[in-house]
Amino acid sequence: MDYYDALAKKVRRNLLITMTVVTLASCGLAYLLLVATELPPFIILIVAGALAMLMNAIFSATTTRWLLQPLQAIWQAVVHISPTNHGEPAPNIDQLKLGQEMVGSLVNQIYQLASEAAKHTTAAPVLSSEYGFIPSNLPLPLFVLDESETIQFANLAAAEYIGQKTDALIGKNVYMVLDMAFPNKDTLDAWLKESKTTVATASHSWERVRLNVLDNHPTRLFDLAAYYNKDNPNKQSTMLVLFDHTKQYSQDEQAVSFIALSVHELRTPLTMLRGYIEAFQEELEGKLDPQMTDFMQKMAANAQQLTAFVNNILNVARIDDDQMELHLNEEQWPTILESTIEGLKLRAKVRGVQLQTTIAPDLPTVAVDRLSIQEVITNLVDNAVKYSAGAELVEINVHMNQEGQVETTFTDHGQGISAGIMPNLFTKFYRDHRNRAQIGGTGLGLYLCKTIVEAHGGHIWVKSKEKEGSTFGFTLLPYASLAAELKNGDNTDIVRGAHGWIKNHSMYRR
Amino acid sequence: MEPGQSITPAGARPARRVLCIEDEHFIAELYERALSKAGYQTTLEVDGARGLELALSDAFDIILLDLMVPNVTGIEILRRLRTEKPDLKAKIIITTNLEQRDDVRADIEKQADGYVVKAELTPRELVGILDGIA
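Here the protein sequences come in this chain order: A and B.
Read in my numbering, the first sequence has 245 at position 245, and its numbers run on one by one without any break.
Basically my numbering = 1-based index in the second sequence + 510.
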């Protein structure tokens, strides 16, 4: 009120001065005319009155402009923050000649109130008439995002699902709230980025999305549906609806655990079998005739092969349930290849096949998951040995291909594959029906190879000619070409799912 | 690995001591045989709790640790050895046939000095790996 009192005082003083001046001027003029002229008093009164009226008119105009300055500034401020403002500038308080302090204070308060009001409009959209009863009470978690993927609305089910209050979600980036991992590279982030540049509206859905809510909160598994609308006038461009399947998908995971347990039960006797065969081989070395020695080697080789087959079952189960993660590290490819081949020589030998490896010099290091890529080598060598059909040599060759990738080929000189079945070779459970009777196998091996190689960013291929043999090959990326990705990641290695990237939305690359 | 490669020449160095915590009797028997042949001094233990006690004594160069052992699991033994005996001089090699989830396995590998799937190796091949451990 100090500002107001000061203003009132100033106005009162100025008005008093003005009125006094007008009165004195009129009286002074009348007195002069009375003394100096012989005009009748009636005329003198008219002249003095006219002067008073003229001066009043002049002073009224200037005083009005002067007195209304504060009101004009406040009016400008209100119009300036009005939603219907069409270019009205903010008032210039510094140029005010009257009530500068009071108007400055009032205008500040007006702007503060406007800012508070704006906050409330954003912070409590749940109460807004834009979001009605239905979305608020929809029994499915619903999130509404703006163009920058900031949450504009989250219903009660959404807040409950992730264990937070609705207010705590509004205004946050969706990836900060929903820490999602997708089964493959088709992620929400990727889809939204593409949709924003290519379409006006789009919808999409995902299965088996994982959600880590809080540190001590159990992982949730759900299906996700999204709708995107580029030109929504309310800036609510994206809607996300979550369908929880934690129970069902967890049961699937337990099924994998069942396979893991079964594999354990198979591996334990295999470990013993292999151990005892080895003990026999050592103890009886030199005491057996060549045929018995050959039988012993065949036992050892088949026990080893059974172990590899058990691994195939396990790995295919994990791939099918998106539970295989690859950790790509920098490795010397010749070292991995040669040590794996070394372990496979016995299996080849008992089938009368020799493995011959040729490795080009000066190969770059590769980005591989050692365990998984060993499965690929094992399966391709086993495959080549199996289909050698009497031919004695399987050639393994490593070289750089024209695309600058490290290519490894496995060539047998066996019966070959007819062109008709080539496209199906890498399909799960597929086997050439002509061989089914003679040659064992499940048709899992090549499917596994393809999946693992592609998860490494490489590709697998086959060339074959009937009666002449087949060549299977796969490529691996040099480590240097993935080094940039390493720099962007949080981890020291690159983590990929068997079907591609797992954690690839932008929040993982912060 | 060639046959006999793992055998330490007699007197070349003191016999290295191995603690094998393994509840599968036949596997333990096979490991003991292969280790002894290669000149290692082997202590077998089928129980997790006693295995942990022995391991804490730090009287071994290498600990072969199965994950599925009774009373105290292998993972718990590993964790407690690392927290209670941070300067343990023995190298810990996890030996298991149980497939772990990748994240669990990565976590175990971080704490251990080695991780092998038993079915993947014959006892002699395992000894070959131990020979390579300094």
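The reader is advised that the hints may include incorrect statements.
Below, a list of computed lysine to aspartate or glutamate pairs in the DMTMM-like style, where the Cα atoms sit at most 25 Å apart [to be verified]:
hint, chain 1, residue 1, chain 2, residue 2
1, A, 287, B, 557
2, B, 620, A, 147
3, B, 620, A, 325
4, A, 345, A, 321
Over 12 Å on every C-beta distance to chain A, these chain B residues come out as not near it, computed from the model [claimed, not checked]:
hint, residue
5, 549
6, 557
7, 578
8, 594
9, 603
10, 615
Selected chain B positions facing chain A (in silico; Cβ < 10 Å) [claimed, not checked]:
hint, residue
11, 564
12, 610
13, 616
14, 617
15, 628
16, 635
Calculated from the structure, these hints are not laboratory results.
We put the beta carbon where it would ideally sit given N, CA and C, even for glycine.
Against chain A, does residue 557 of chain B hold up as non-interface, every C-beta pair farther apart than 12 Å? At roughly 18 Å from the nearest Cβ of chain A, residue 557 of chain B sits farther out than 12 Å, so the non-interface label holds.
Min Cβ distance, residue 616 of chain B to chain A: is it shorter than 10 Å? Holds - the Cβ of residue 616 of chain B comes within 10 Å of chain A, reaching about 7 Å at its closest.
Close enough to count: is the Cβ of residue 635 of chain B nearer than 10 Å to one in chain A? Check passed: Cβ of residue 635 of chain B comes within 8 Å of chain A, closer than 10 Å.
Quickly compare the C-alpha distance for residue 620 of chain B and residue 147 of chain A to 25 Å and report which way the hint goes. Judged against 25 Å, a Cα distance of about 42 Å means the pair is violated.
Pairwise hint evaluation, residue 325 of chain A against residue 620 of chain B, where the allowed Cα distance is 25 Å at most: Holds: residue 620 of chain B and residue 325 of chain A sit about 16 Å apart, inside 25 Å.
Interface-negative label, residue 578 of chain B against chain A, beta-carbon threshold 12 Å: The claim is violated: residue 578 of chain B sits with its nearest Cβ about 8 Å from chain A, within 12 Å.
Restraint: residue 617 of chain B near chain A, CB-CB cut 10 Å. Satisfied or not? Violated: closest Cβ of chain A sits about 12 Å from residue 617 of chain B, beyond 10 Å.
Compare the distance between the alpha carbons of residue 345 of chain A and residue 321 of chain A with 25 Å, and conclude whether the hinted pair is satisfied. Violated, because 33 Å separates the two Cα atoms, which is more than 25 Å.
Per the CB criterion, is residue 628 of chain B less than 10 Å away from chain A? Constraint on residue 628 of chain B satisfied, holds at 4 Å.
Does the no-contact call for residue 594 of chain B survive, Cβ to all of chain A over 12 Å? holds (25 Å)
Can the hint on residue 564 of chain B be confirmed by a CB-to-CB distance to chain A that is less than 10 Å? The hint is violated - residue 564 of chain B has no Cβ within 10 Å of chain A, the shortest such distance being about 23 Å.
When you look at the beta carbon of residue 549 of chain B, is every beta carbon of chain A farther off than 12 Å? Fine: 15 Å to the nearest Cβ keeps residue 549 of chain B off the interface.
Comparing the model with each earlier hint shows violations of hints 1, 2, 4, 7, 10, 11, 14; every other hint is respected.
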